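For the record, the sequence lines run as chains A and R. In short: position in the first sequence from 1, add 1077, done, that's my numbering. In short: position in the second sequence from 1, add 479, done, that's my numbering.
Keep in mind that the hints were calculated from the coordinates and are not lab data. Every value quoted in this text rests on a predicted model; they were computed, and no experiment measured them. Treat each hint with caution, since some may be false.
No farther apart than 27 Å at their CA atoms in a straight line, the calculated lysine-lysine pairs in the DSS-like style are these [claimed, not checked]:
no.: 1; chain 1: A; residue 1: Lys-1141; chain 2: R; residue 2: Lys-1026
no.: 2; chain 1: R; residue 1: Lys-1271; chain 2: R; residue 2: Lys-635
no.: 3; chain 1: R; residue 1: Lys-1189; chain 2: R; residue 2: Lys-1271
no.: 4; chain 1: R; residue 1: Lys-1269; chain 2: A; residue 2: Lys-1141
no.: 5; chain 1: R; residue 1: Lys-939; chain 2: R; residue 2: Lys-1054
no.: 6; chain 1: R; residue 1: Lys-1036; chain 2: R; residue 2: Lys-1026
no.: 7; chain 1: R; residue 1: Lys-1026; chain 2: R; residue 2: Lys-939
no.: 8; chain 1: R; residue 1: Lys-635; chain 2: R; residue 2: Lys-584
no.: 9; chain 1: R; residue 1: Lys-1054; chain 2: A; residue 2: Lys-1142
Residues from chain R that face chain A, not an exhaustive set, calculated with beta carbons under 8 Å [what the hints assert, rightly or not]:
no.: 10; residue: Ile-1150
no.: 11; residue: Pro-1154
no.: 12; residue: Asp-1155
no.: 13; residue: Ile-1162
no.: 14; residue: Gly-1223
no.: 15; residue: Gly-1234
Ranges between beta-carbon positions, derived for each pair [to be verified]:
no.: 16; chain 1: R; residue 1: Arg-1246; chain 2: A; residue 2: Asn-1147; range: 23 to 33 Å
no.: 17; chain 1: R; residue 1: Ile-495; chain 2: A; residue 2: Asn-1147; range: 51 to 61 Å
no.: 18; chain 1: A; residue 1: Phe-1169; chain 2: R; residue 2: Ile-1196; range: 28 to 38 Å
no.: 19; chain 1: R; residue 1: Ser-1220; chain 2: A; residue 2: Phe-1097; range: 38 to 48 Å
no.: 20; chain 1: A; residue 1: Met-1143; chain 2: R; residue 2: Lys-1128; range: 37 to 47 Å
no.: 21; chain 1: R; residue 1: Arg-1130; chain 2: A; residue 2: Lys-1141; range: 51 to 61 Å
no.: 22; chain 1: R; residue 1: Leu-1115; chain 2: A; residue 2: Pro-1184; range: 36 to 46 Å
no.: 23; chain 1: A; residue 1: Thr-1139; chain 2: R; residue 2: Ser-1123; range: 39 to 49 Å
no.: 24; chain 1: R; residue 1: Arg-1130; chain 2: A; residue 2: Asn-1147; range: 51 to 61 Å
no.: 25; chain 1: A; residue 1: Gly-1136; chain 2: R; residue 2: Gly-1202; range: 58 to 68 Å
no.: 26; chain 1: A; residue 1: Phe-1169; chain 2: R; residue 2: Ile-495; range: 48 to 58 Å
The beta-carbon is built from N, C-alpha and C at its ideal position, and this holds for glycine as well.
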Amino acid sequence: MDNYKPNNMILQTTTSLIAFLLLGFAVYLLFAGHNSPGGGFVGGLMTSGAILLLNMAYGSLTVKKMLPINFTMLIPIGLLIAIATGLGSFIFNVPFLSHTFGYFTFPIFGEVELATAMLFDFGVYFTVVGVVMTIILSIAEDQ
Amino acid sequence: MSTLNIAIIFPFIAAIVIPFLYNKIRKLHIGWFAMLVSFVLFIYFARYVPRIANGETFANTINWIPSYGINFTAYLDGLSLILALLITGVGTLVILYSIFYLSSKESLGRFYTYLLFFMGAMLGVVLSDNIMVLYVFWELTSISSFLLIAFWYQRKRSRDGAKKSLLITVSGGFGMLIGFIMLYIMTGTWSIREIISMAGSFTDHALFIPAMLLLLLGAFTKSAQFPFHIWLPDAMEAPTPVSAYLHSATMVKAGIYLVARFTPIFGGESIWFWLVTGVGLLTLFWGSFSAVRQTDLKAMLAYSTVSQLGMIMSMFGIGSAALHFGNSTVSVVYTQATFAALFHLVNHSTFKGALFMVVGIVDHEVGTRDLRRLGGLVTLMPITFTIAMIGSFSMAGLPPFNGFLSKEMFFTAVLTIGEAGIFSLDTWGTLLPVIAWVASIFTFVYSMIIVFQTFFGPYKEERLEHPAHEPPVGMLIAPGILALLVIGIFFFPNVLGDYILTPAMMGIFPSLPAADLSVPISAWHGFRSMELWMTIGVIIFGFALYKTRKKWAFVYKLFPEKWSFNSFYSYSLEKLEEHSTTITNSYMTGYLRDYMVYIYLFFIVAIGGTIIYTGVYAFDISGNSSVSEFEWILVLVMIIAGISVLFAKSRLTAILLNSILGYGVATFFVIFRAPDLALTQIIVETVTTVLFLVAYYFLPEWKKEDVPRKSRNVNLIISISVGIVFTVIALTVQSGKLFESISGYFENSYELAGGKNIVNSILGDFRAFDTMLEVVVLLIAGIGVYSIIKLKAKKEDESVEDQ
């Protein structure tokens, strides 16, 4: 992927726009999941899609500088979050993975619903991003 | 009274201690310790003799698996006592003999560990009341015998002999285990005493005959009865003390003990009578017939053991007829056969033990056991000769040795049973004495061969490895004691009879009055008795046959070697291996496509067969919603794409057609109102297509598989059938709704989980555990791909897998 340097300015320019739209949509999907279609899985896939697009346009070396993230590390982090939300229920003396929710009022956002199930979704999100990126980058970087 | 249980465990503990002692104490021969163990046990059991003779029995239970009724119950009665005394007594003598027989260069620690291990197992067999525990000890004797036969494991013949004996005895033992379980099903108890007390109440049970046959299978294999006798001659590769102990005096009597022990349960049945008697007589004849042709002294003794065991077995069979008549005076006549069997059991142990030891001495001193190289040892080894003569003449049934008494009683038994008038004995009864008599003639012949071929005739020193001379005194003590017993029993048979044999009879015939079971043994039957003339006939004909044996040796050539049971055994083993290899190779082709065919075939047969067999296929589409035009079109597109994949010429086409299917499914999710699924499906389909394309460059050439047309047609038929079965299942399940769906509960997701998206609430809240583990699946997949790609050997690296 890095061997040739053609002039793909159109791709790079549009990518810088589209990638952030995609990332925004991905974050929207992640947060919207509780009440509308979406969720951690789709959000994670969409995020990896955006990063892949960046990869294709700029090459993996540039992207590594832009996003200095070790994607493989995201997998255990995500898994830990998911399991921690499950274990957290033990503190309140309820069965494993019992979720709860509540409504809170914040200064700017107004009344907002917060649910522990969302935390679990974050875990799924990170794992999916980590796994998809690990798989594709390992294959792509293989000589 | 727990000392009985300890007595069984004692040799095992000693066997554990021996290796440590052997490593610590090098000066003293370790055999002395083993002998002490055995001797202490002998004294211990001997102290029971007076009390057992008074009709007492002893039992003690140690709980092992009480919830299944399997407990370690030691039970001592007359029958067990005979065997226990033989095991410990002959054991002591054999160990004494082996101390002088085995050189200190052998790995003696191993030898005595195995030997004591065997002794404990054998005591366990004869003293156990619980049949499960009996089975455990039974298999332990097989294993320890296996270890002892292969003591010189560097020799191929030893290993082969050990393998053969293990295969045969363990297969029989396994059959016996099934028989035991059947007994348990019929009676509900594992205890032999309780089963005996119920005897007769379950003879009509469907499992009664199978249990009897399986039990006899175990007994016959262990006691080397026809046609399972073939392992015994091969077991002669063991050191001679082992042959003397295991394969003449103790282990081979385990089967006989079993038959005796279960006579109260199965005796009185005509199948039992004919099997035990018939097989016993056949073994008696075949063993003695085969013994004559042997040129190796140990092989000859092995066949003679087979033959003598058959004789004991047949006497137990004849004795079991007494139970047919129940408690009456008629039956007492037949119990005498059982008495004779017990008597000969003891006699055989004495003279056969002595004979084996003598053969060991000859082998040890002159370096060969081959009859063609031996001769003229009488003046050089007079004591050895004396013992050999006593043993052989006793075996042949000559006075004044104990074999004479038991042989006379054997003749009495076969003569009287012909007049019983039961079990169609009117027709076949006359055959029994004839077979017994002919077999006795052969017994006489080989007994003479052992004495005269070895000790008389020309002395061929040039053929011997060492010049002959008397062995050390220590080696002569044990066979000497046994030879003294042989004579002692002849002159005072009733001491043995009253104190040991009569109590054992009470164990075998618990339903008969004890007073009738005691049989006085007399050496002289008078001139008018048939038995005397039969014995005289045996001597005359036997002597004539011995003198002319070179002239009729051609009889053995009538049956070619390849028709023997030995060749049958090796042939079947060889063929079994060959065929199982062929069969395994025929279906384990190493091609994944073949294994897929098996899996799908199984699916078609199992699932399709179930559907047809149970007749559950029912299509009811009345409740289904109508199909819109748009759906029709979509389905049509997907069908075309699906079929085109099969005929695609390039891989790229196949990948693209496949993604058409994926997006089609996503569209269906949209139509059927599943936005979450549709979203995910679209992205996953895209990602997998991208992955396909990424991997595309590395994949090998896409080519038509070079498979024969025939298997292609098979694949076509199988894939169509799988499709049909699947469709039928789907339609059947669809039309058979048994209960309301539980989805109503999840519709409350906003109140229950605070989420308006039901799918997401189910994934993240109601059934989050599944999701969590799916995340783990992703983790595993990610790590898998990562490690497969990153961790591969570079050109100079060693292969990681080989480390």
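Of all the hints numbered above, which does this structure not satisfy? Sort the numbers upward.
Result: hints 1, 2, 3, 5, 9, 10, 14, 18, 21, 22, 24 and 25 break, sorted rising.
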